[in-house]
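Model the full assembly from the supplied sequences, consistent with the hints where possible.
In our numbering, the protein residues as written are -8 to 33.
The reader is advised that the hints may include incorrect statements.
[What the hints assert, rightly or not] The following label-pair restraints were derived from C-beta to C-beta distances:
#, residue 1, residue 2, range
1, T16, K(-5), 24 to 30 angstroms
2, R29, K(-5), 14 to 20 angstroms
3, R29, P1, 16 to 22 angstroms
4, H31, V11, 17 to 23 angstroms
5, C27, K(-3), 17 to 23 angstroms
6, N26, A(-4), 15 to 21 angstroms
7, H31, A5, 14 to 20 angstroms
8, K28, T(-1), 15 to 21 angstroms
9, R29, K7, 15 to 21 angstroms
10, F19, T(-1), 14 to 20 angstroms
11, N32, K(-3), 17 to 23 angstroms
[As the list claims (entries may be wrong)] Straight-line C-alpha distance at most 30 angstroms; calculated DSSO-like pairs for lysine-lysine:
#, residue 1, residue 2
12, K(-5), K28
13, K22, K7
14, K7, K(-5)
15, K33, K23
16, K7, K33
17, K7, K28
18, K7, K23
19, K22, K(-3)
20, K7, K(-3)
21, K(-3), K23
22, K23, K(-5)
23, K(-3), K33
24, K22, K(-5)
25, K(-3), K28
26, K(-5), K33
27, K22, K33
In short, the hints are calculated from the structure, not lab data.
Even glycine gets a Cβ: it sits at the ideal position worked out from N, Cα and C.
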Amino acid sequence: MKGKAKITMPDIYANKYCGVCHNGTRAFDGKKQENCKRCHNK
-8 MKGKAKITMP DIYANKYCGV CHNGTRAFDG KKQENCKRCH NK
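Here you go:
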């Protein structure tokens, strides 16, 4: 996985990395299942 960031969902849930903004207030909530496809597009 060369070149890939090692960001985990627990990091996002702890308001780290993407979770700083994607908390449902500043940007879409990264914890809501209906938003998963916005980042996970495989």
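Hints, verified against the model:
| no. | hint | in the structure |
| --- | --- | --- |
| 1 | T16 - K(-5): 24 to 30 angstroms | 28 angstroms, holds |
| 2 | R29 - K(-5): 14 to 20 angstroms | 18 angstroms, holds |
| 3 | R29 - P1: 16 to 22 angstroms | 19 angstroms, holds |
| 4 | H31 - V11: 17 to 23 angstroms | 19 angstroms, holds |
| 5 | C27 - K(-3): 17 to 23 angstroms | 19 angstroms, holds |
| 6 | N26 - A(-4): 15 to 21 angstroms | 19 angstroms, holds |
| 7 | H31 - A5: 14 to 20 angstroms | 18 angstroms, holds |
| 8 | K28 - T(-1): 15 to 21 angstroms | 18 angstroms, holds |
| 9 | R29 - K7: 15 to 21 angstroms | 18 angstroms, holds |
| 10 | F19 - T(-1): 14 to 20 angstroms | 19 angstroms, holds |
| 11 | N32 - K(-3): 17 to 23 angstroms | 19 angstroms, holds |
| 12 | K(-5) - K28 | 18 angstroms, holds |
| 13 | K22 - K7 | 12 angstroms, holds |
| 14 | K7 - K(-5) | 17 angstroms, holds |
| 15 | K33 - K23 | 18 angstroms, holds |
| 16 | K7 - K33 | 23 angstroms, holds |
| 17 | K7 - K28 | 19 angstroms, holds |
| 18 | K7 - K23 | 16 angstroms, holds |
| 19 | K22 - K(-3) | 18 angstroms, holds |
| 20 | K7 - K(-3) | 12 angstroms, holds |
| 21 | K(-3) - K23 | 21 angstroms, holds |
| 22 | K23 - K(-5) | 23 angstroms, holds |
| 23 | K(-3) - K33 | 17 angstroms, holds |
| 24 | K22 - K(-5) | 21 angstroms, holds |
| 25 | K(-3) - K28 | 18 angstroms, holds |
| 26 | K(-5) - K33 | 15 angstroms, holds |
| 27 | K22 - K33 | 18 angstroms, holds |
Comparing the model with each earlier hint shows no violations; every hint is respected.
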